[in-house]
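There are 2 protein chains.
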Amino acid sequence: MTPVHPVEPVSARDLGGYDHECDVLVAGFGCAGAAAAFEAATAGASVLVLEKAGGPGGTSAVSGGELYLGGGTRIQQACGFDDTPDEMYAYLEAALGPHADTAKLRLYCDQSVEHFEWLRARGVAFKPSLYDAPTWMPYTEDGLMWLGENAWPYNTLAKPVPRGHRPVAKGFGGQVLMEKLTAAAIEAGVVTHADTAAANLVLDDEGRVAGVVARRYGERVTYRARKAVILTTGGFVDNEEMLAHHAPVLIGHGKVSDGNSDGSGIRMATAIGAATRRMGVVEVALTALPAMLVRGMLVDGLGRRFINEDVYPGMFSHHAVLHQPGPYWAVVDEEGFESVPEDERWGVRPAFAAESLAELEAELGMPPGSLENTVEVYNRHAEKGEDPYFHKDPRWLRPLRPPFAAIDPREGFFGLGREGSGTGTGVNGFTLGGLHTTVDGAVLNHSGAPIPGLYAAGRAAAGIHGEGYVSGTSLGDGTFFGRRAGRAAAGAGTA
Amino acid sequence: MTPVHPVEPVSARDLGGYDHECDVLVAGFGCAGAAAAFEAATAGASVLVLEKAGGPGGTSAVSGGELYLGGGTRIQQACGFDDTPDEMYAYLEAALGPHADTAKLRLYCDQSVEHFEWLRARGVAFKPSLYDAPTWMPYTEDGLMWLGENAWPYNTLAKPVPRGHRPVAKGFGGQVLMEKLTAAAIEAGVVTHADTAAANLVLDDEGRVAGVVARRYGERVTYRARKAVILTTGGFVDNEEMLAHHAPVLIGHGKVSDGNSDGSGIRMATAIGAATRRMGVVEVALTALPAMLVRGMLVDGLGRRFINEDVYPGMFSHHAVLHQPGPYWAVVDEEGFESVPEDERWGVRPAFAAESLAELEAELGMPPGSLENTVEVYNRHAEKGEDPYFHKDPRWLRPLRPPFAAIDPREGFFGLGREGSGTGTGVNGFTLGGLHTTVDGAVLNHSGAPIPGLYAAGRAAAGIHGEGYVSGTSLGDGTFFGRRAGRAAAGAGTA
Chain A
1 MTPVHPVEPV SARDLGGYDH ECDVLVAGFG CAGAAAAFEA ATAGASVLVL EKAGGPGGTS
61 AVSGGELYLG GGTRIQQACG FDDTPDEMYA YLEAALGPHA DTAKLRLYCD QSVEHFEWLR
121 ARGVAFKPSL YDAPTWMPYT EDGLMWLGEN AWPYNTLAKP VPRGHRPVAK GFGGQVLMEK
181 LTAAAIEAGV VTHADTAAAN LVLDDEGRVA GVVARRYGER VTYRARKAVI LTTGGFVDNE
241 EMLAHHAPVL IGHGKVSDGN SDGSGIRMAT AIGAATRRMG VVEVALTALP AMLVRGMLVD
301 GLGRRFINED VYPGMFSHHA VLHQPGPYWA VVDEEGFESV PEDERWGVRP AFAAESLAEL
361 EAELGMPPGS LENTVEVYNR HAEKGEDPYF HKDPRWLRPL RPPFAAIDPR EGFFGLGREG
421 SGTGTGVNGF TLGGLHTTVD GAVLNHSGAP IPGLYAAGRA AAGIHGEGYV SGTSLGDGTF
481 FGRRAGRAAA GAGTA
Chain B
1 MTPVHPVEPV SARDLGGYDH ECDVLVAGFG CAGAAAAFEA ATAGASVLVL EKAGGPGGTS
61 AVSGGELYLG GGTRIQQACG FDDTPDEMYA YLEAALGPHA DTAKLRLYCD QSVEHFEWLR
121 ARGVAFKPSL YDAPTWMPYT EDGLMWLGEN AWPYNTLAKP VPRGHRPVAK GFGGQVLMEK
181 LTAAAIEAGV VTHADTAAAN LVLDDEGRVA GVVARRYGER VTYRARKAVI LTTGGFVDNE
241 EMLAHHAPVL IGHGKVSDGN SDGSGIRMAT AIGAATRRMG VVEVALTALP AMLVRGMLVD
301 GLGRRFINED VYPGMFSHHA VLHQPGPYWA VVDEEGFESV PEDERWGVRP AFAAESLAEL
361 EAELGMPPGS LENTVEVYNR HAEKGEDPYF HKDPRWLRPL RPPFAAIDPR EGFFGLGREG
421 SGTGTGVNGF TLGGLHTTVD GAVLNHSGAP IPGLYAAGRA AAGIHGEGYV SGTSLGDGTF
481 FGRRAGRAAA GAGTA
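Sequence order for the protein chains is A and B.
Just so it is clear: in the first sequence, position 448 is 448 by full-length UniProt numbering, and no numbers are missing.
Just so it is clear: in the second sequence, position 284 is 284 by full-length UniProt numbering, and no numbers are missing.
A few of these clues could be false.
Remember, identical chains collapse to one label, so a pair may be satisfied in a single copy or spanning two.
[What the hints assert, rightly or not] Derived lysine to any residue pairs resembling SDA-like cross-links, with alpha carbons at most 25 Å apart:
{"hint": "1", "residue 1": "Lys384", "residue 2": "Ala362"}
{"hint": "2", "residue 1": "Lys384", "residue 2": "Ser339"}
{"hint": "3", "residue 1": "Lys127", "residue 2": "Thr140"}
{"hint": "4", "residue 1": "Lys170", "residue 2": "Met137"}
{"hint": "5", "residue 1": "Lys255", "residue 2": "Tyr139"}
{"hint": "6", "residue 1": "Lys255", "residue 2": "Gly97"}
{"hint": "7", "residue 1": "Lys255", "residue 2": "Ser447"}
{"hint": "8", "residue 1": "Lys384", "residue 2": "Leu364"}
{"hint": "9", "residue 1": "Lys170", "residue 2": "Asp142"}
{"hint": "10", "residue 1": "Lys384", "residue 2": "Asn373"}
{"hint": "11", "residue 1": "Lys159", "residue 2": "Pro325"}
{"hint": "12", "residue 1": "Lys170", "residue 2": "Glu342"}
{"hint": "13", "residue 1": "Lys180", "residue 2": "Arg487"}
{"hint": "14", "residue 1": "Lys384", "residue 2": "Pro153"}
{"hint": "15", "residue 1": "Lys159", "residue 2": "Thr102"}
{"hint": "16", "residue 1": "Lys384", "residue 2": "Glu372"}
{"hint": "17", "residue 1": "Lys255", "residue 2": "Glu467"}
Keep in mind that the hints were calculated from the coordinates and are not lab data.
Work out the full structure, taking the sequences as your base and the hints as a guide.
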């Protein structure tokens, strides 16, 4: 278990003085912290950022770097796509739902083009070309990608337009994104205290957040925040006890984290009576290769399909890990396997191969006739270019013919034996629940009133997500609402 | 939206005096409150119970009254079943899991026979006969019933022994149970203030809970609790805003509640920094008739089975409502329908009937061939007495023959058009998440330390449940841990 450090608040009166002072104190230097710090400093506040690790970056820096942006960005236009905030909203409300935060989501969509331009102005560059196939992350440098907008049922709910924006980078783009945002914040005058973890909030006699007590190499360091404290400490996937209490589905799986997603900001704030939202909601990625699945099928341990394989990969992951007991298998035929570009195979090899489905289903321990039945039904409809069960795009429909192979979907992008593959379950995730905030990042108490002097953004807060998740919406809402929190915090207070 | 009353704490210093004083103040007079009040009074404390409604009972009184008890009660023995705490634990850990609270569960099982005898001593009577078929609630007065112990996979994990104990009652037994428990508490000297809703906790200068501020007909009434406050205010299914934040899956469905499951205790405690657990976990009942399903099949809108139909009805409900998009259909043949005892039909009539499955699946809007395929596969195995997909008990396996009928599973026990059927979704539920407590009911803060003077039990607290639920475990853990909280509260404190 993660050791439990007391997170209860400290009284300003008991504290006496402070080691450091600033207008706005930001706890956590990931994407939300960087955006908040930049905006607060640009608004004229003196800003200090505490970071538990040795330097800026956080989980954002180890992410893929995709940002979910749309409504008509210049990258979308250059690739020939017309988009509107309303179409973007319609897709996200469905894909991030049910029960997404519609007020936050509306704002996020309406101001997405402005946010795209803000990122560009910070030096984040995107290549104006589209990667046009389902994938976790293109192996190319294409700056635009589909994130499920063109898959059923979403293609019936909103005009299908790609909105995954990827900063120019070799492979993972999170590092590049954070280099730009960090540089912008530093240039705006933000001061960083690294190796310094916020531990407790300081409350004055009126119950206003007046600063934080932090730990630096085991020593206590105190900070006064004249205007406000902004918690951008990230989620809690690294805190096993919090997972057990709120999101146990992630226990034992790989973690999308820099190792410091310890939930400290959420704990500090709830200790003073802050409300939370949706603490059980998670992102999970089943590392299975989309390029393989669209050419074959994803089945459960009973040999049954359960989703159209051309959805956003996070969607089949969610459906599988949260709703469908494992094991899972990717079943492809030879023609399908061979047609996957080498770069999209990520070194994956079939676990089983067989001339007949009867043989394959026996190898996989499925009920006799089960996989045979599934493929027979699939083929019968695929011959007509149809998938009446799950509506996979006809582009990917073709009867499957022997020989067949089964691939363990734990192997793949983040798969077994690969660096960063974590526990070998083939599942990696992080938490989406957090503090209940207004659209300006003000943290609310259990009566719905703002706690004076306290803001939060990024995964320390509950963002635009309902039960669903789409790549790029965490960096997206972290930077977007981080900016708003930074501006509000700089304008707030009694200084 | 539910109106938001401020729940932030009140300072004892600001309060001056109190209108009423007692040793132990219990907020909420359902089963947990009754058990806590009885034990605290029996231990010598002066006990006052506040109840928002006009009299005792709470949600417990509108429930079915089943209590999940075992380990070898005299009712189990009289019906010819040997049971042990270990077998009971093995079943519940699986059925209430994953991620049940094992410390609470262990205690609950080890002391279940003692708890049974405690209930008997309070006048709760059980008839020593078994109802031997899957059902939500027997139409007989049998005192013992199966709650999924004999269904796959649970029958492979623990010795199948029935543990559903039903107080002698015509129909719903919750009213009888609460009459007995209320009478016992009153007789032990407990004083009740009805029409009085606890609204805020009172904190002394040391941060100890010293009482509550309540509302009675719009007037403020203050209570000093010399030893402790016990929150037994129930869950939050009636609080739409809390549902949106924590358990949105229940929005729009029917509520298993007396109408006062407003989450007030959870909100009052979290406002002073109490921790919660598993706020998203819910019980849901799809009102479909088990007697109909076991004789046919439960299918989704694609005509596919997804679970063995002889499981505890809450289990197919959970699987359906939480994991399987609707619609759902109960498909039976004429022979199956006719063999359901009239008393187990609850007036249900088929929505569609057809001579062929092709006709029926067309009526139901299923993909062509889908239901035909499902029944063909089912029949092929049923002829051999097998169900290799879901392992339904051979007792219920039989090839289905024309004519066929489809029943809307929203019709049934709590079904469409029936009194108390709520919204017509055919789903009724309540919340299982709540305050984080020790096995003695002490409410913990976010650092894992008890908040002095504060206890909780029943659905205001997180109990023995992981993600699962079985009938009788809410009244069961409410009374069991209510008793423990009452004893601890009476012995605690500085009086």
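Hint check:
no.: 1; hint: Lys384 / Ala362; in the structure: between (29 Å within a copy, 19 Å between copies)
no.: 2; hint: Lys384 / Ser339; in the structure: within (21 Å within a copy, 42 Å between copies)
no.: 3; hint: Lys127 / Thr140; in the structure: within (10 Å within a copy, 72 Å between copies)
no.: 4; hint: Lys170 / Met137; in the structure: within (11 Å within a copy, 62 Å between copies)
no.: 5; hint: Lys255 / Tyr139; in the structure: within (22 Å within a copy, 50 Å between copies)
no.: 6; hint: Lys255 / Gly97; in the structure: both (23 Å within a copy, 22 Å between copies)
no.: 7; hint: Lys255 / Ser447; in the structure: between (33 Å within a copy, 23 Å between copies)
no.: 8; hint: Lys384 / Leu364; in the structure: between (29 Å within a copy, 23 Å between copies)
no.: 9; hint: Lys170 / Asp142; in the structure: within (10 Å within a copy, 69 Å between copies)
no.: 10; hint: Lys384 / Asn373; in the structure: both (18 Å within a copy, 19 Å between copies)
no.: 11; hint: Lys159 / Pro325; in the structure: between (33 Å within a copy, 24 Å between copies)
no.: 12; hint: Lys170 / Glu342; in the structure: within (17 Å within a copy, 69 Å between copies)
no.: 13; hint: Lys180 / Arg487; in the structure: within (19 Å within a copy, 60 Å between copies)
no.: 14; hint: Lys384 / Pro153; in the structure: within (20 Å within a copy, 39 Å between copies)
no.: 15; hint: Lys159 / Thr102; in the structure: within (19 Å within a copy, 49 Å between copies)
no.: 16; hint: Lys384 / Glu372; in the structure: both (19 Å within a copy, 20 Å between copies)
no.: 17; hint: Lys255 / Glu467; in the structure: both (19 Å within a copy, 21 Å between copies)
Hint violations for this structure: none, all hints satisfied.
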